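Novice: Heads up: the protein sequence lines correspond to chains A and B, in order. Letter 508 of the first sequence, counting from 1, is numbered 508 in my numbering, and no numbers are missing. Letter 288 of the second sequence, counting from 1, is numbered 288 in my numbering, and no numbers are missing.
Treat the hints as calculated values from the structure; they're not laboratory data. What you are looking at is a predicted structure, and each value in this text was computed from that prediction instead of being measured. Take the hints with a grain of salt, since some may be wrong.
What the hints assert, rightly or not - One side of the interface only, derived from the structure: several residues of chain B facing chain A at Cβ under 10 Å:
#1 311
#2 334
#3 337
#4 442
#5 626
Stated by the list, open to error - Mimicking EDC-like on lysine to aspartate or glutamate, the simulated pairs with C-alpha atoms at most 16 Å apart in a straight line are:
#6 B:456 to B:530
#7 A:310 to B:613
#8 B:415 to B:383
#9 B:415 to B:52
#10 B:310 to A:613
#11 B:415 to B:14
#12 A:310 to B:646
#13 B:310 to A:398
Yeah, the Cβ is synthetic: ideal placement off N, Cα and C, and Gly gets one too.
There are 2 protein chains.
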Amino acid sequence: MTLRMKDAHPRPLDLKKVSIEDPYWSPYLNLIRNTVIPYQWEALNDRVPDADPSRAIRNFRIAAGLETGKFEGFVFQDSDLYKWLEAVGYALAVSPDPDLERIADEAIELIAAAQQADGYLNTYFTVAEPERRWTNLTDCHELYCAGHLIEAAVAYFYGTGKRNLLDVACRLADHVDALFGPGPGQIRGYDGHQEIELALVKLAEATGADKYMRLASFFIDERGQQPSFFRQEWESRGRTSYWQPGVVQKEPPSLAYHQADKPVREQSVATGHAVRAVYMYAAMADLAARNNDEGLLAACRRLWNNVVHKQMYVNGSIGSTHHGEAFTFDYDLPNDTNYSETCASIGLILFAQRMLRLEARGEYGDVLERALYNTVTAGMASDGKHFFYVNPMEVWPEASAGNPGKHHVKAVRQKWYGCACCPPNVARLLSSLGSYAYSASEDALYAHLHIGGEAKLDIAGRQVTLRTSSELPWSGRVALTLAEASGAGAFTLAVRVPSWSPQSAFSLNGTPLSPDIRDGYAYVERDWQEGDVFEIALDMQPRRIYAAADARANAGRVALQRGPLVYCIEETDNGAPIASLAIRAGSELRPLQGDGRLAGTVLLEADGLRQTDPADAGGALYRTSPPESAPQRIVAVPYTLWGNREPGEMQVWIRELP
Amino acid sequence: MTLRMKDAHPRPLDLKKVSIEDPYWSPYLNLIRNTVIPYQWEALNDRVPDADPSRAIRNFRIAAGLETGKFEGFVFQDSDLYKWLEAVGYALAVSPDPDLERIADEAIELIAAAQQADGYLNTYFTVAEPERRWTNLTDCHELYCAGHLIEAAVAYFYGTGKRNLLDVACRLADHVDALFGPGPGQIRGYDGHQEIELALVKLAEATGADKYMRLASFFIDERGQQPSFFRQEWESRGRTSYWQPGVVQKEPPSLAYHQADKPVREQSVATGHAVRAVYMYAAMADLAARNNDEGLLAACRRLWNNVVHKQMYVNGSIGSTHHGEAFTFDYDLPNDTNYSETCASIGLILFAQRMLRLEARGEYGDVLERALYNTVTAGMASDGKHFFYVNPMEVWPEASAGNPGKHHVKAVRQKWYGCACCPPNVARLLSSLGSYAYSASEDALYAHLHIGGEAKLDIAGRQVTLRTSSELPWSGRVALTLAEASGAGAFTLAVRVPSWSPQSAFSLNGTPLSPDIRDGYAYVERDWQEGDVFEIALDMQPRRIYAAADARANAGRVALQRGPLVYCIEETDNGAPIASLAIRAGSELRPLQGDGRLAGTVLLEADGLRQTDPADAGGALYRTSPPESAPQRIVAVPYTLWGNREPGEMQVWIRELP
């Protein structure tokens, strides 16, 4: 099954080699660059009015001795600044900006000033509990923050060529490397929140230092071994938790919540905190690729299948419960209480990207695309200043306000959270979008996402520029043009054919073509010439999606999709209660041009009906006369754009009636 | 609208005057008498193996100085013993039992020994915090426990004629009466958990002492006045809560949760903890009747309408969320996360019974019957030793185990809870069932529930015995026979005609009759003669119930009812997933004889269908091919009997398809 040919491990193209010019994505990228990054800098500096203060910069200033005061914010607050710097690194890779770079350099100087002489760097422990370093890995995110620092440092090094943050990161990583490991006197432990594992892989690649790769492998392979590190640590600190100061706990920390209940190679079912899980799976896939580790690859495939085929929402989101922001169990996909954190979909994208390196299977690209087009962008309002953490499948604003089990479901995007993980995570993902679009081996160029722009690469001894033009997600025409190509020699263009496009048409220089399609990729091997145009017409027929019968919440319901976009119905177009609407089975789904704030988008309309209380019901809560039905045109909008108009009810899974 | 004729305030018949001999109810009453009461005595004494210990008796022994040790259990643990004694009082009223009475007398002796010299009685404060009496009414249930003591004392006095517990109760009530009130130096406060209000009304009736009625009125009218007693008390004790020792709270206690956000006369919407609310409404109705208080009656009617027409489940249960065991908001009736505590339905029955005293409206009887037949009995397993707190509308056992938002939903009745409010509450309600069946004014006898047995009363100057035979809930024949009747003179027999029986037939001594039917009661005024038989044939046609469109959770769904019983579908009869089943709109609902553990009951069967994944789905979570449908006979069982066979999925609201 595995494609372990010589092109089996293609690498993402360097971000600097990919420029995006795309009618759909460029506005998002410009929003990130022009609004989100500056806005988040203001937020990190506590200058956003009426929003929860971040305190992140202030904590660094206190740790650096530039200010006095107490640490404030979450124990992992440092990571917000690191994620912002990572986004800045990508933004500068794509287009230089001296002003932004100067601000970033100042922030990096501050970070360096907060680093301790031994390389240690964490403002919480430095300011609040210097004597308690490394005593509560379970709760305190020390290695998690280190990981985000490392990712930022690598991104900034790529983006600017400067080693200022990379040197800080290496000093910290060396400190960690000395402390953790299987050797005598070393801590045989790992973090409560996985993140440093995938970061160390990046650091190893950026520096060429294998020790970081070995450290990543140590963290991955140590996790879940017995006796449990988390349990031993819990006993050592007197059975306490950071989150409940002064309380002696009856129960030790949940190992399954931290994906540490068994060695990772033996795991088959995604459990616990969703972001922790997918960050870890991404690192496992990284290491499986680097080390040709079949055992780890098998675990990755099992976990992928469990997440994607048993625990993923149709919008590419994961985490069925807000209790612990966690997975629950197979097929438990409630629509009105799901968590579906934006960060978890970002983590799923990271995992998918790594799996694509291991195996060119369309499913990885499909899921990456599903999460990207539907959840990641849904997490951000069109103003770039309001964000969703939770991406609900169903919203009744009164219930969000009036039912405590639904308080986490917000009908309106929020300004800035005390725990602001998602906004900078969206920023760093979208700033580096180019690196998800393509990958290449020595003789094959893979186009995973069909986003307009240019990609430059050396392949088969040739210098090549591929220009993509794409009308996605609104229409299905995609053209890949060899804009420049030096010399001669065959290489393969491997273009993902999304699973939502069962009827795709291909042409080469205007002549229809039936390429070899394997596992969701169309392969064309050829001595490509400058000016060659490979075109795909994707099938944009709106589609009904049904869920497996085991996913009980969706029984009798249908979701709508067109191209990569999942749709939903909103009160503003359809009237309340949304639950009273049903769509006619088999009725035509008609594309419709959006207007107002949805101008330029494609909506869907369909014949449906509204069920209403009969006239004789007289306001009764319960009655014996059946509801009356009247035809109603149902209008659905792209899920990713929901909640950008008047607040109201929303539903992804719509009742279907014959 | 109000029936304020001379018979406007009929009184329930004395429990001793009603004997129940009924094929449906007698087994329940025998179960209470022979199993539940003895079992609970064992539980109160910590002698039930593998069940959470109650500690209730032990706490009294410690408070009485008979044992040393620490208080254990909930702060309101005393009330479990009181509720048990109340049930015993009713049981002894119905049939003497020297052995049981001896055990109860010993328990009462123990309670009396734990009473303090000043009349104070509460084992928590006496044992654990004697200096903190009356400093935290909000959280600590001191008056709540006093209320249950009073109810027990009145019941035991009725049942045995003994004043032993009544004297204890009066001493405590006098102590409370001296402490609380509008006078100088008195506490202008009230309890966080209403209960003493309705208990004081009973004490006033039992003793003839008006001061108790005035104290009840004080508690009711003081509640919700500004400045808020609960907020002042919270400030006085340093902004702390009993439930979070040592934590200085940011937020004061929720006034709406305690129904203290506005004066009770101004309340229109049921909020907060459901049991607290309905206990209070019952007391309000009591006082409205005693004091001919139109303002209070108007508030009762508003609150009744809100509860019953906007916040009640179809099984007569209330409390849409387990967060605080509380009401949420109008039409928020989720089926998979509801709380629907057994105790709350008992409280709703208390409220309905009081409203029936005020106004002979069938709706009060309908709701009383709905809660009694569907939720109260569902709360108890057929062995009398396992109980539900939560009465779910939908169960997926895997979700109860694997989704933290559904941990409160149990698929199997539990042995004995640490917080064991419901089991003794079921016992005391069913032990006194006779007092809910009839009421009488000077010249009218009301039959509210059609339960077989005899009722003796003096009416219109005559001594009368009414014998009821009833085949409910399995068939609809009810006969009321004047078994004995001294002298002569007209009086009215007012017989409730349930709203579920739109086609009822009446006869008098075999001759069809069309009685005057007003507001759900059939009125027959007559010089009743010994041997007269008034018969009703109730309409047992199975019925479909639909919910208002505003109750979004039930859109496209139907519930089934036959007679007073609501039905549900269980996995054991229909296979999993239950959610894949749909019933055909308009299909016949056929009664079916139950077998096995459901022998003697009537089930329902209907034509339906099962939707399954199509063959080409290949195990996919999402797919484009619609589900396949195959006809399936759907079998529904009485909701009250669910969960008495193999554990599995259950659903009340069934999808309906044309």
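Novice: Against this structure, judge whether each hint is valid.
Specialist: Status of the hints after comparison with the structure:
1. 311: holds, 8 Å
2. 334: holds, 7 Å
3. 337: holds, 6 Å
4. 442: violated, 35 Å
5. 626: Holds, because the Cβ-Cβ distance from residue 626 (chain B) to chain A comes to roughly 6 Å (cut-off 10 Å).
6. B:456 to B:530: holds, 13 Å
7. A:310 to B:613: Measuring from Cα to Cα gives roughly 14 Å; hence the hint holds.
8. B:415 to B:383: Since the Cα atoms of residue 415 (chain B) and residue 383 (chain B) sit roughly 11 Å apart, the hinted pair holds (cutoff 16 Å).
9. B:415 to B:52: Distance of about 8 Å is within 16 Å: holds.
10. B:310 to A:613: Holds: residue 310 (chain B) and residue 613 (chain A) sit about 14 Å apart, inside 16 Å.
11. B:415 to B:14: violated, 33 Å
12. A:310 to B:646: violated, 26 Å
13. B:310 to A:398: holds, 14 Å
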